[in-house]
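Chemist: Each chain, letter by letter, is given below.
Number of protein chains: 2
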Amino acid sequence: MDTPTIAPDLQELLLSAETVDLRAHLEDIHPADIAEAITNLEADKRWEALSKFEPYLAADVFSHLDDDVQERIIAALNRAELAWLMTHIPSDDRVDIFRRLPEERQESLLPALAHAEREDIRRLASYPEGSAGAVMTSEYVTLPATVTVDQAITRLRREAFNKETIYYAYVVDENRRLLGFVSLKDLILANPQERIEDIMHRDVIFARAHDDQEEAARLITKYDMFVLPVINGNDAMVGIITHDDAIDVINQEHTEDMEKFMAIAGSHEAGGYLRTPVMEHFRNRVYWIMGLAVIGLVSGTIIHRYEETLASLMLLALYMPMLADTGGNTGSQAATIIVRALALKDVNYGDIFRVLFKELRIALMLSAILGCMTFGRVMFLSRGADVPEGMTLPMIGFAIAIALSIQVISATMAGALLPIIAAFFKKDPAVVASPALTTVVDITGLLIYFNTAKFMLGI
Amino acid sequence: MDTPTIAPDLQELLLSAETVDLRAHLEDIHPADIAEAITNLEADKRWEALSKFEPYLAADVFSHLDDDVQERIIAALNRAELAWLMTHIPSDDRVDIFRRLPEERQESLLPALAHAEREDIRRLASYPEGSAGAVMTSEYVTLPATVTVDQAITRLRREAFNKETIYYAYVVDENRRLLGFVSLKDLILANPQERIEDIMHRDVIFARAHDDQEEAARLITKYDMFVLPVINGNDAMVGIITHDDAIDVINQEHTEDMEKFMAIAGSHEAGGYLRTPVMEHFRNRVYWIMGLAVIGLVSGTIIHRYEETLASLMLLALYMPMLADTGGNTGSQAATIIVRALALKDVNYGDIFRVLFKELRIALMLSAILGCMTFGRVMFLSRGADVPEGMTLPMIGFAIAIALSIQVISATMAGALLPIIAAFFKKDPAVVASPALTTVVDITGLLIYFNTAKFMLGI
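Order-wise, the sequence lines are chains A and B.
Quick note: the first sequence uses our numbering, first residue 0, plus one each step.
Quick note: the second sequence uses our numbering, first residue 0, plus one each step.
There is no bait here: all hints are sound.
Copies of the same chain are indistinguishable here, so a pair counts whether it falls within one copy or spans any two.
Below, in silico cross-link-like pairs of lysine-lysine (DSSO-like), each with a Cα-Cα straight-line distance of 30 angstroms or less:
#1 K357 x K44
#2 K425 x K344
#3 K184 x K51
#4 K221 x K344
#5 K357 x K426
#6 K221 x K184
#7 K162 x K184
#8 K357 x K344
#9 K51 x K221
#10 K221 x K162
#11 K44 x K344
#12 K425 x K357
#13 K51 x K344
#14 K221 x K44
For the record, the hints were derived by calculation from the structure and aren't laboratory data.
Sequences are here, hints too, so could you generate the full structure?
Modeler: Structure, rendered in structure tokens:
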């Protein structure tokens, strides 16, 4: 629990201690905490410390390191060291690391591995990134349907050492087709002489290897699962996804959603904020920002087209920023709610009319209040302003208030509609980024503003 | 898997079938799917369907219902029905439901429950909402340190029925102080005659009952845990938090973060988007939006103060919205990255100078590019515009570009700084909502804009 205070001592220990001495000390420390201490060492001391551990602890600690730290360590390893590491690491992490190696290192590594590991990597690496197949592990236990409970427990005992979990065992036929599953709890409670096929659960919830990883995480969430089995196109079982991988997927997707929503591009595999180089942060942000600036030319052109209107009634120019802000705020609120509801599968695109009707009613209420506030604002802020002949300040205030009310309604509807349309076209709703929405709402807002003013004030 | 097509049949079955018939059909269907079918029934048919199930299945299905559906069902139950339900439901859901009952129903319910359930509710209900204590369950297995492995397995077998998990058992002393834990895997692999104290793990990771639920979820994530034990102020064990509860906490916190960030208030316990009434959606949004409109008075006042400047150079007014948009976009990007990095503990407020230095470099690059684009934009859009005596269009374009560059730097720094300051004061960084930041950036942006123009153009 007290990681912050333990860490410096641990670091010193990692650097100075002899192998034997170290082993006794590390027994009580969680691999995640050792990984934190390793991360805080200087880059060239990290492998030196790791190589003092026994293989399985070293591999376990290594799995807990951030991707970018892993990459830097691996870059400095020779072929034998890399093969040693890859042999002891869990299968899902192994393929993950393999994927990120340069091609020539991938090719030189494979012959240095034992047949089983080599085949496992080949198989898992064939699934595209972001798929359920790419996050699964092949370290699970299978049972034939015909063994007894007693035989099954013996088998679990024998295989416990190198499997990710023995709490769920999967019953498969000779083609590895998934027939059912039993939990260790079921086995403990059953009569030792019963057959597995008589006690197994046949209602298995599973994912397909090509499903999106997010869909797999959603199944684990919905059904409160500890482990989710994964099957391939031939209905053969190929792996499991565990609850901790599901949490990682959920956190990663959250970050992506929020960043997309704020128009930040880029991959999210790499390590933390501080370790990401300035140039990469810059690249992740600049394209969208430049794109928005280009789209901004449209609203610039509109403003220029109405230059005459603005010149004849300077007051209109003063309230342009307010209109843009309010439209952007109400539109982003609606978009946030709908993006999140779509992500949690609270709504889908079939609900489009129910959503729009609901948002319309909310927008009407918001527009009534904000319209009144705007009228008050104009009357207060511009109380001494010059008003062109034939107009009064209340007339102008009323026109601005009406324009703003229409803008609030249109922005809210746009904020709700765009994510649903994105979902319909199987795009991620979060790409209807808040800045992108703001830019769209700016354009419609200006048109609403100038046309309302022209119509109501006759300029 | 095929929930969408199964659901209508299941609904019909739930309404028509006799109790006996129903039981056979439901065996193969996951409680989460039954809960979905129940939700789709008319409100007054829901309890009718549930009450046909055997008690533990009914309670299990009920736990999978959304909060608002649960509430509507409970509102129609009499005291005996409610007591029946509360007796069979898991302990963490029970206290959750209890908390949401009106006070007079709470008081009438307690005497109708058995002593054990009554005490359990009293104990769990004493922890504040949002704390680890409020999401934990008391259905876990404890063992004395002195029993043998064989005795421990017998005990797990006996208690398996009504415990949330038997895969981890906690070793406690006579004061329930946590000494260690053993997994069922350890027990299966150990010699049956060994004593628990000789095989237990003493390095227990735990949460305190008064810790934030988010902190508990973070421990589960960091240490890839299946179950996290919870202890009280006297170091006595009081409950466990399971991985599925951690996922719920993570999803809930993420929704809250995103909504706070977009200035949407309100609780997030209640059900989905469509079931939340229009008035509640309205209330969740209106206060912030009104608040922002009031703060907007400040930028309105600033614009009014520089009315003379604007009148003498109309071109400045035309580029006000662009300045506000670009500042808002770059500031929100920085804020998003930092809010997320703080949430994932990638950075904390001690890193403030490293973060600011990094953001400064990113901002300088962004401002260089956007400044050039702005100069080009003015030259292109305003190529035919009237320019006051003594100025040239390139001069004006240059001044606007410089103002925008300063604005990009100041907005990026504000976007990075405000969430860190919030974290320092132990506030949620996400309260530095994107609309709130936009409003702040608007105000500084206008001051930068008018003063740069006055200084460089001498107006």
